[in-house]
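Engineer: Given chain A's structure and the hints, the job is docking chain B onto it.
2 protein chains.
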Amino acid sequence: MKKIYLNPSDMPTQWYNILADLPQLAPPISPATGKPATPEEMLAIFPGPILEQEMSAQRHIDIPEEVLDILTIWRPSPVVRAERLEKALGTKCRIYYKYEGGSPAGSHKTNTAVPQAYYNKISGINKLTTETGAGQWGSALSYATSIFEMSLRVYMVKVSYFQKPYRKSFMNMFGAEVIPSPSNLTNAGRAELERDPQSHGSLGLAISEAVEEAASNSDTNYALGSVLNHVIIHQSLIGLEAKKQMEIGGDYPDMVFASCGGGSNFGGIAAPFVKDKMDGKKVECVAMEPISCPTLTKGEYTFDYGDVGKMTPIMQMYTLGHDFMPPAIHAGGLRYHGDSPIVSAMYKQGLIDARSIGQLDVFKYGTLFAKTEGIIPAPESSHAIAGAAKEALACDERGESKSLLFCLSGHGHFDMASYDAYYEGKLEDYSYPEEEIEKSLRSLPKVDLD
Amino acid sequence: MKKIYLNPSDMPTQWYNILADLPQLAPPISPATGKPATPEEMLAIFPGPILEQEMSAQRHIDIPEEVLDILTIWRPSPVVRAERLEKALGTKCRIYYKYEGGSPAGSHKTNTAVPQAYYNKISGINKLTTETGAGQWGSALSYATSIFEMSLRVYMVKVSYFQKPYRKSFMNMFGAEVIPSPSNLTNAGRAELERDPQSHGSLGLAISEAVEEAASNSDTNYALGSVLNHVIIHQSLIGLEAKKQMEIGGDYPDMVFASCGGGSNFGGIAAPFVKDKMDGKKVECVAMEPISCPTLTKGEYTFDYGDVGKMTPIMQMYTLGHDFMPPAIHAGGLRYHGDSPIVSAMYKQGLIDARSIGQLDVFKYGTLFAKTEGIIPAPESSHAIAGAAKEALACDERGESKSLLFCLSGHGHFDMASYDAYYEGKLEDYSYPEEEIEKSLRSLPKVDLD
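Quick note, the sequences are listed as chains A and B, same order.
Residues in the first sequence are numbered from 1 upward in steps of one, following full-length UniProt numbering.
Residues in the second sequence are numbered from 1 upward in steps of one, following full-length UniProt numbering.
Chain A with its partners taken away, still in its complex shape (with noise of 0.2 Å):
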């Protein structure tokens, strides 16, 4: 069977809540007293059914009926057999890849950006505040407060806003106002701009910008596209989905594959697969990140800010130090120096493991799977692909034959100018930046947890 379809009456009704399974994680710090944040100060940038779900115990969570109604619009997402890409490789593994890009924003971050505008909606906010890299999560939340009649600003790092401007026309086209990132509409922002006028933005910096104008304004809220609890909960669907359809294949992976930034596409597609695991299945899953932005395969377990700026909770999770500013590689979704304490969790306690490999890597295995499977895809995904195509060959070598399943988060349509640079030999592969690292991780700030 090539592709594996779920009639949408199939689709899970319940998110799937991984903290349920795991050892309590530690709680979020207070970035003012370096203890653990009041409900309060949490409450100033998150509705409450969303910080609910950031804390739940609750292993199973009720999807409600007006958030289902919209993710049908292009959910449930195929599970396909990548039968040209094994022949291609001539691998005796069997490949499957389940296939987020068919939704609006053309990646899973659409998946939690609807439910997440959803419950501030039914808190009384009509205005939220977020920031963007690449690009894909501000599409995917423009698109969800489109539907629910919300404003949204977008903080758009600079450089990605003037490389990518079709990322741009995509949010306005839904009404999104997107600002080039540093700007001067935010005190995190004017500090950056007067130490750097030039400046080309971070990631971390425009959480800083959007999260300050939140805290800022009671009746704006602030959005995040990974890491959080409630994210890794939302995109439990790709995985629970996965699962059920593998078994209609008649399959069940040996491997689980996805790339992983942040952690929310990753921990989506592992999370009911790593129960699997804690229930006695034999099932492995792994993190995909690149040799430049190595957070679980080089950085530390401790606690550190989620920004630049030092504006966000601390988290305990894997972390590159908030400093860190990794190359310029083209797979922006996964510049990121910290993970998901979920995903951070999961891999601390031994139930995931991960990989790091480079982008001409990425770029090879990506290309290929387009010209085997038709489908370009993101950057960010082909760190998966490669992942799932080098685990096939090293199968062969070892006379082994796996079911090997990788997450295909995202189309690369609006990713061209970067396949231009690798067929023009633009691309290098960063050696693992190690004395950067040594020197972010010098800053973690001080936490008290009693």
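Rather than coming from a laboratory, the hints here were simulated on the basis of the structure.
Be a bit skeptical, because a hint or two may be false.
Since the list can't tell identical chains apart, any single copy or any two copies may satisfy a pair.
[What the hints assert, rightly or not] As a list, the in silico PhoX-like pairs of lysine-lysine whose alpha-carbon atoms are at most 20 Å apart:
hint: 1; residue 1: K127; residue 2: K371
hint: 2; residue 1: K371; residue 2: K348
hint: 3; residue 1: K310; residue 2: K402
hint: 4; residue 1: K121; residue 2: K371
Structural biologist: For chain B alone, coordinates are given in the frame of chain A:
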């Protein structure tokens, strides 16, 4: 039922050839002699199996196994009930769309690119030439030639070459060579460059260049993405699938809408429904064309060249005259002076209807569709959306409730610049260019059918 899928195993295994059910069409006429083209003349640029289909009177034609195998990478395509669009319009009509944008190149063009590449390959041809305007057809054929390991040279209208660099990147990625037209590689290109060294090019001229190269090299054939009979036959899959899907959904369309440039998308979805109409069923198929290039609604049914350079066979069709140069509207795929002989004959026979529409309405309903259904449509496809939406509103005024089906022939991910232009108020409604058409219709070729 919101989305109606067909399993790949339920995909039609034969194309429908409406030539079997229409009065015999006039043969293609040689531009050299003014008499019916000889097989030798046609075989200079097309392979035998394609020519056979071009002239076939066989009602159902088997789809080769190798072609089916590739088509099922993205087919069958879904039929979707546009519930949110209906709600936004406040209509009592039921609106469905058949979505062709999930294909590798993002439009219906891939449906014919694959069999055309295949038939050339099995005829011993390893090199193709073609032209592309907006880039959809060039992208589709580059995908298909990549699959069959053939080489491809695409003459891309110069103004698009520079305005749509990512379409060029797409074709390069799949191994095609992209040449801005006019080029100095052909006599037709050199003549135009002599006339105007700054020439922006046109689709008609790019066709001349591609045909000239194929005609003067025995190892090279030419492939066309629309107009010709075999293309309409290949695209009949759209209508055949849609009929099955509407039946599964328990409905049958009162009206079917599709945009119409050369006619492949319209002819593809319409032909199987026109057959129903000939068999006594009540269904109305409407070809939607731009006011600025109103081939069916304002053209003449006569014999004309398919290109500016008078290289192609002369065909009996609706035409605005091969010299007609439409204003630069953004739906580049609809800027063609002629129309498919099959579609022209259906219109002449009263089997279909045609309407023209201005681009402000096209973008108005296109953006409404994006916001409600979550897919950014290609501007070409938005002609169909607008046709169906305006019909729905007209039905409501008349107190009728109809079932309306349209073909969403492609996504607009590579057309964001035209959405920017719309939101910036830079688009205008061109009026019907009456004098231009009158002038252009004065230079029709002489034809001798005896």
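Engineer: Please list, smallest to largest, the hint numbers that this structure does not respect.
Structural biologist: Of the numbered hints given earlier, those the structure breaks are 2, 3, listed in rising order.
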